[in-house]
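Starting from the given sequences, assemble the full structure and let the hints guide the process.
Using full-length UniProt numbering, you'd call the opening residue of the sequence shown number 1 and step up by one each time.
The reader is advised that the hints may include incorrect statements.
[Stated by the list, open to error] Pairwise CB distance ranges (calculated):
| hint | residue 1 | residue 2 | range |
| --- | --- | --- | --- |
| 1 | Pro-53 | Pro-118 | 17 to 27 Å |
| 2 | His-212 | Phe-66 | 15 to 25 Å |
| 3 | Ser-49 | Leu-4 | 15 to 25 Å |
| 4 | Ile-114 | Gly-45 | 11 to 21 Å |
| 5 | Lys-168 | Lys-29 | 15 to 25 Å |
| 6 | Lys-154 | Glu-57 | 16 to 26 Å |
| 7 | Ala-69 | Glu-11 | 33 to 43 Å |
| 8 | Ile-237 | Lys-3 | 47 to 57 Å |
| 9 | His-212 | Ile-237 | 40 to 50 Å |
| 10 | Asn-96 | Glu-207 | 40 to 50 Å |
| 11 | Thr-166 | Pro-53 | 36 to 46 Å |
[Stated by the list, open to error] Once the Cα atoms are required to be at most 30 Å apart in a straight line, the calculated DSSO-like pairs of lysine-lysine come out as:
| hint | residue 1 | residue 2 |
| --- | --- | --- |
| 12 | Lys-54 | Lys-76 |
| 13 | Lys-5 | Lys-61 |
| 14 | Lys-196 | Lys-29 |
| 15 | Lys-95 | Lys-192 |
| 16 | Lys-46 | Lys-76 |
| 17 | Lys-95 | Lys-107 |
No wet-lab data here; the hints were simulated from the structure. C-beta: ideal position from N, C-alpha, C; glycine also.
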Amino acid sequence: EEKLKYIMNDEYFGFVDLKQEVLDPPHQKIGDYKECFNFGKFQNGKPISQELPKYFEEKSKFIESFEKACHDLCMKVLQSLAISLKIEDNEGEGKNWFSKRHGYGMKSGDNFRILHYPPITIEEGKVSEDINYNQDIRAGSHTDYGSITLLFQKEIGGLEIQHPYTKKWIQVPVVPNAILINIGDLMEFWTKGLFKSTKHRVIFNKENMNLHRYSIAYFCHAGRDVGLDPIPSEFIIGREREGEGLDESKESKERKRITA
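The following block contains the structure:
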């Protein structure tokens with residue numbers, strides 16, 4: 001198949017095949033029942049770190065414009081978070097403390113991903129694939145390893161989040177014309193746990209498992225050379241769980257190795 005020529009590269013950009021990705025190895029017998037394509041950053045209408053199939057290549061300028069619009073929105077969200085945390089305004093940073101560390105021109109793990117969850121049909125009480133829909137899931141439970149994530153969903157649901165204390169899974173409704181924003185591991189580390197990285201998964205729903213599910217995710221990361229020391233905020237300084245100095249490159253490289 002044409003898409004298999006563009007299988008995910010060492011930079012984690014490219015095509016991810018059905019059941020290739022295993023997001024929750026301890027609890028999954030098979031890989032995630034989804035396929036997706038990961039895009040890196042673009043410059044002047046051309047991808048920086050990957051080759052594209054002709055179909056995407058012909059639409060590269062549109063993909064770049066949408067990707068940059070996602071990044072711009074992330075910067076606004078990060079500025080809002082900085083304002084809420086009352087980050088010290090040293091050298092004019094203040095509300096720009098996060099956004100200055102997430103510049104589009106910086107080398108980072110930013111990832112624009114389009115996802116397709118194929119339908120599962122049931123015949124005579126059995127699913128058409130070797131899948132137990134009461135046990136297997138479309139995307140294993142995991143947290144995102146970036147700063148924040150934007151998620152675009154259509155009307156077909158299936159996303160669940162885990163309550164941080166009760167550990168119960170809660171269905172996430174699909175809100176029309178809305179973008180779901182998720183906190184990632186790096187933001188939780190940065191804030192010493194004040195902001196929680198949400199564990200989530202995508203399950204099979206009996207009522208719509210015979211339908212195609214599509215979604216788009218934009219994973220926003222800090223620059224690879226940005227240190228992850230706790231941020232200068234009165235809400236963070238002195239919190240019990242002291243942050244250990246780390247950089248985004250080491251953290252994301254390890255998480256990508258696990259989830260790839």
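Structure-based check of each hint:
{"no.": "1", "hint": "Pro-53 with Pro-118: 17 to 27 Å", "result": "19 Å, holds"}
{"no.": "2", "hint": "His-212 with Phe-66: 15 to 25 Å", "result": "21 Å, holds"}
{"no.": "3", "hint": "Ser-49 with Leu-4: 15 to 25 Å", "result": "19 Å, holds"}
{"no.": "4", "hint": "Ile-114 with Gly-45: 11 to 21 Å", "result": "18 Å, holds"}
{"no.": "5", "hint": "Lys-168 with Lys-29: 15 to 25 Å", "result": "23 Å, holds"}
{"no.": "6", "hint": "Lys-154 with Glu-57: 16 to 26 Å", "result": "25 Å, holds"}
{"no.": "7", "hint": "Ala-69 with Glu-11: 33 to 43 Å", "result": "22 Å, violated"}
{"no.": "8", "hint": "Ile-237 with Lys-3: 47 to 57 Å", "result": "48 Å, holds"}
{"no.": "9", "hint": "His-212 with Ile-237: 40 to 50 Å", "result": "48 Å, holds"}
{"no.": "10", "hint": "Asn-96 with Glu-207: 40 to 50 Å", "result": "45 Å, holds"}
{"no.": "11", "hint": "Thr-166 with Pro-53: 36 to 46 Å", "result": "44 Å, holds"}
{"no.": "12", "hint": "Lys-54 with Lys-76", "result": "33 Å, violated"}
{"no.": "13", "hint": "Lys-5 with Lys-61", "result": "22 Å, holds"}
{"no.": "14", "hint": "Lys-196 with Lys-29", "result": "28 Å, holds"}
{"no.": "15", "hint": "Lys-95 with Lys-192", "result": "19 Å, holds"}
{"no.": "16", "hint": "Lys-46 with Lys-76", "result": "25 Å, holds"}
{"no.": "17", "hint": "Lys-95 with Lys-107", "result": "22 Å, holds"}
Of the numbered hints listed earlier, those contradicted by the structure are 7 and 12.
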